[in-house]
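S.K.: Protein chains in written order, with full-length UniProt numbering: chain G, 1 to 487; chain D, 1 to 292.
Treat the hints as calculated values from the structure; they're not laboratory data. Where a beta carbon is used, it is the ideal one built from N, C-alpha and C, also for glycine. Don't take each hint at face value.
Here are the simulated DSS-like pairs of lysine-lysine, each with C-alpha atoms no more than 25 Å apart in a straight line [to be verified]:
1) K258/G / K313/G
2) K22/G / K132/G
3) K249/D / K288/G
4) K249/D / K482/G
Some chain D residues flagged as far from chain G (calculated, every beta-carbon gap over 12 Å) [stated by the list, open to error]:
5) Y63
6) A70
7) L113
8) N263
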Amino acid sequence: MSTDTETHEGSQSEEWFASAKKIYPMATHGLFRRIKWALLFITLGIYYFLPFIRYDRGPNAPGQAVLVDMEHRRAYFFFIEIWPQEVYYLTGLLIIAAVTLFLMNAVAGRIWCGYLCPQTVWTDLFLWVERKVEGDRRERIALDKQPWTAGKVGKRATKHFFWLMIAWWTGGAWVLYFNDAPTLVWQLLTFQAPMIAYIWIGILTTTTYLLAGFMREQVCIYMCPWPRIQAALTDEKALNVTYRWDRGEPRGSLKQNKKLVDQGLPAGDCIDCYQCFQVCPTGVDIRKGMQLDCIQCGLCIDACDNIMTKIGKPTGLIAYDTDENIERRIEGKEPVYEIVRVRTVIYAAVIALVGAIMLFVLLNRDFADISVLHDRNPIFVEQSDGSVRNGYTVRLSNKRRHERHFMLHVEGMPPETLVEAVGVDETFAGRPFIEVGPDTTREVRILVTSPPSEDMPHSTPVVFRITESVMGEVVTAKDTFKAPGNP
Amino acid sequence: MADAHNKEVDQVSGVETTGHEWDGLKELNNPLPRWWLYLFYVTIAWAVVYWILYPAWPLVSSYTKGVLGANQRMEAIAAYDQGIADRSEFADKIVATSLQDISADQEMLQFALANGQAAFGDNCAPCHGSGGTGAEGYPNLQDDTWLWGGTLDDIHTTLLHGIRTTNDDTRFGDMPAYGRDELLSKDEINQVSNFVASKAGLDTDDGVDLAAGQTLYEDNCAACHGDNLEGIQEVGAPSLMSANYLYGKSLDAIKAQVTNPRNGVMPAWSDRLDPATIKSLTVYVHSFGGGQ
Numbered sequence: 001m002s003t004d005t006e007t008h009e010g011s012q013s014e015e016w017f018a019s020a021k022k023i024y025p026m027a028t029h030g031l032f033r034r035i036k037w038a039l040l041f042i043t044l045g046i047y048y049f050l051p052f053i054r055y056d057r058g059p060n061a062p063g064q065a066v067l068v069d070m071e072h073r074r075a076y077f078f079f080i081e082i083w084p085q086e087v088y089y090l091t092g093l094l095i096i097a098a099v100t101l102f103l104m105n106a107v108a109g110r111i112w113c114g115y116l117c118p119q120t121v122w123t124d125l126f127l128w129v130e131r132k133v134e135g136d137r138r139e140r141i142a143l144d145k146q147p148w149t150a151g152k153v154g155k156r157a158t159k160h161f162f163w164l165m166i167a168w169w170t171g172g173a174w175v176l177y178f179n180d181a182p183t184l185v186w187q188l189l190t191f192q193a194p195m196i197a198y199i200w201i202g203i204l205t206t207t208t209y210l211l212a213g214f215m216r217e218q219v220c221i222y223m224c225p226w227p228r229i230q231a232a233l234t235d236e237k238a239l240n241v242t243y244r245w246d247r248g249e250p251r252g253s254l255k256q257n258k259k260l261v262d263q264g265l266p267a268g269d270c271i272d273c274y275q276c277f278q279v280c281p282t283g284v285d286i287r288k289g290m291q292l293d294c295i296q297c298g299l300c301i302d303a304c305d306n307i308m309t310k311i312g313k314p315t316g317l318i319a320y321d322t323d324e325n326i327e328r329r330i331e332g333k334e335p336v337y338e339i340v341r342v343r344t345v346i347y348a349a350v351i352a353l354v355g356a357i358m359l360f361v362l363l364n365r366d367f368a369d370i371s372v373l374h375d376r377n378p379i380f381v382e383q384s385d386g387s388v389r390n391g392y393t394v395r396l397s398n399k400r401r402h403e404r405h406f407m408l409h410v411e412g413m414p415p416e417t418l419v420e421a422v423g424v425d426e427t428f429a430g431r432p433f434i435e436v437g438p439d440t441t442r443e444v445r446i447l448v449t450s451p452p453s454e455d456m457p458h459s460t461p462v463v464f465r466i467t468e469s470v471m472g473e474v475v476t477a478k479d480t481f482k483a484p485g486n487p
Numbered sequence: 001m002a003d004a005h006n007k008e009v010d011q012v013s014g015v016e017t018t019g020h021e022w023d024g025l026k027e028l029n030n031p032l033p034r035w036w037l038y039l040f041y042v043t044i045a046w047a048v049v050y051w052i053l054y055p056a057w058p059l060v061s062s063y064t065k066g067v068l069g070a071n072q073r074m075e076a077i078a079a080y081d082q083g084i085a086d087r088s089e090f091a092d093k094i095v096a097t098s099l100q101d102i103s104a105d106q107e108m109l110q111f112a113l114a115n116g117q118a119a120f121g122d123n124c125a126p127c128h129g130s131g132g133t134g135a136e137g138y139p140n141l142q143d144d145t146w147l148w149g150g151t152l153d154d155i156h157t158t159l160l161h162g163i164r165t166t167n168d169d170t171r172f173g174d175m176p177a178y179g180r181d182e183l184l185s186k187d188e189i190n191q192v193s194n195f196v197a198s199k200a201g202l203d204t205d206d207g208v209d210l211a212a213g214q215t216l217y218e219d220n221c222a223a224c225h226g227d228n229l230e231g232i233q234e235v236g237a238p239s240l241m242s243a244n245y246l247y248g249k250s251l252d253a254i255k256a257q258v259t260n261p262r263n264g265v266m267p268a269w270s271d272r273l274d275p276a277t278i279k280s281l282t283v284y285v286h287s288f289g290g291g292q
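Extracted from the complex, chain G is given alone in its bound form (with noise of 0.2 Å):
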């Protein structure tokens, strides 16, 4: 074809590099670009204004509804207040958003890359921005090629200038989910704020410029591994952004195919207009299949539709169709759409096991926690009188937001021994009486001496019970006594 815009130059491996191809998004209006511009408002508008959401936690407690606290440790997600021994929460969020990108590739592609990445979110706000000060494709290429007039320098001075205040609200935003908003404001206007936060305005920035602003769809071709493991996850069922090259071909002109119909040849509804092409914003030719720069944004459909439209022929040339699809409508079988399949159903149970788990974990957690740690060196003490004495390092941790106390209890032991906790005088009908501070752990050492016994076993099952004094919740955790018997 002597349109084909991707020929090689003979030439080229003799040079060092192969500077990218840019490419310059046409714009377009349809479905699917109101599907976009509605998710990056929704997107972007959680992103930047989420930290300003105050939530009463009471005295004592951040009201910033979304904040990681890092300085203190906890995270705070609306009602949910995570410990750092909690994190494995994130484990479980981290398998929810694999398998569901795992689903949504089974049902339509690479649709998150499309609508929902980052990248792609702030890359069509950036072209938004280069679009509004420097005009549409032609405009651009054009502009290009022009020499530095004082123009020129004007445009694009002002379009960097938008990149920038973008990139660094972008990081801005960043910053304030890790602190009190209005209080970070504050001290970032008056240039109060730690260095921490400067740094990390600075790394979001820069990265956001370069990538929203230069890399683009460099980003999602060579750095980005989704696109490697897609590939190896889809199927002929899965919805993609296709080609119906059984209905478009062959292509040709609208002279061209009308002469070919006249005489009686057969002529495809593809017209060669590049509309497709031109307003892809990863430089793809959908008309060549499927491919590994396509991010399914569907952008190409809403291009073609519109031509479609003004010759007067069904739209969906360009549609989310699958490659069963089209092997049916050649044999003449009706197209069929099964989003409900073995692949689907198995994805999303998997996210709704993880999610109950995660549900149940967070709704029946406890407010109290206690770790035992076994001493090593040594792992029991003889003492004068032939008893013996293990010791142990026990944390005890109170989320709530008032002090509490805990009586200790040592379970599976001789009534006579003797529980001690180092550093704690006060008791409670003999067993230590362990004060812990509002949101905190206190770690005590605790030390347990059983009574001169001939057939002590070299290792006793023991309970370590802690039992709060008010609430009467009660945690518990296993460990061993040990002794000089035999095994």
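Position chain D relative to chain G; hints supplied.
M.R.: Here is chain D on its own, set in the frame of chain G:
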């Protein structure tokens, strides 16, 4: 390497191949992406800047120093000084607080335990073991047998002045060498050792006169070890009824100690460690649980 004179061009892509072939698949000689190449240049530039700024190249008898004068030894010393300064607030508080009150204050106790643990590992572990369980001849600090007392103040005194050192306030408690100095005959040593063993619950030799041993004990040993073998802490004489013997609990070990006693030395740490560290160590050792 591809043969430079025999370039093969892939028909489909129009790109030259490298000549590498795997199962019929040929590797295309596509050039590198520009961003990648530029990043590579940046790393080279970075390396050059690094060589200039920091110590980098070995020379015959020295090395290039770099214009920043960066020196990890000085950084380590600065970090050490900073650490001391950071701790000084707590250290001053610990010096000003009595040992008993340190244990009562949660925050100070945590600091003292952490500080004490670090100091213990550096200074005490070689003899007393990393867990303070000692070894034969080196007292176990985890049990409740204390030669010189196991209260906070006793431990503190021992740490400050040591045992049998040249420190002015050190404590002595030397066991006479009954065998080496010929204070007792071999038979007498046998008798008194068997007597102690019998009281301590050990097996004794056959046909030894335990009554004679008891008389010998009362004449020679009771002054320090007590009439009932219970030991006297003021002179560092251990209880002979304890389950734990510093130099081994066996008849042979008792005989050896009576014949040619060992008198272990504990260094005086007031010459080497600062007061806050010694106090932290005291609290830490006391927290082992053997403290009284």
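S.K.: Find the hints from earlier in the document that the structure breaks and name them by number, from lowest to highest.
M.R.: Failing hints, ascending: 3 and 7.
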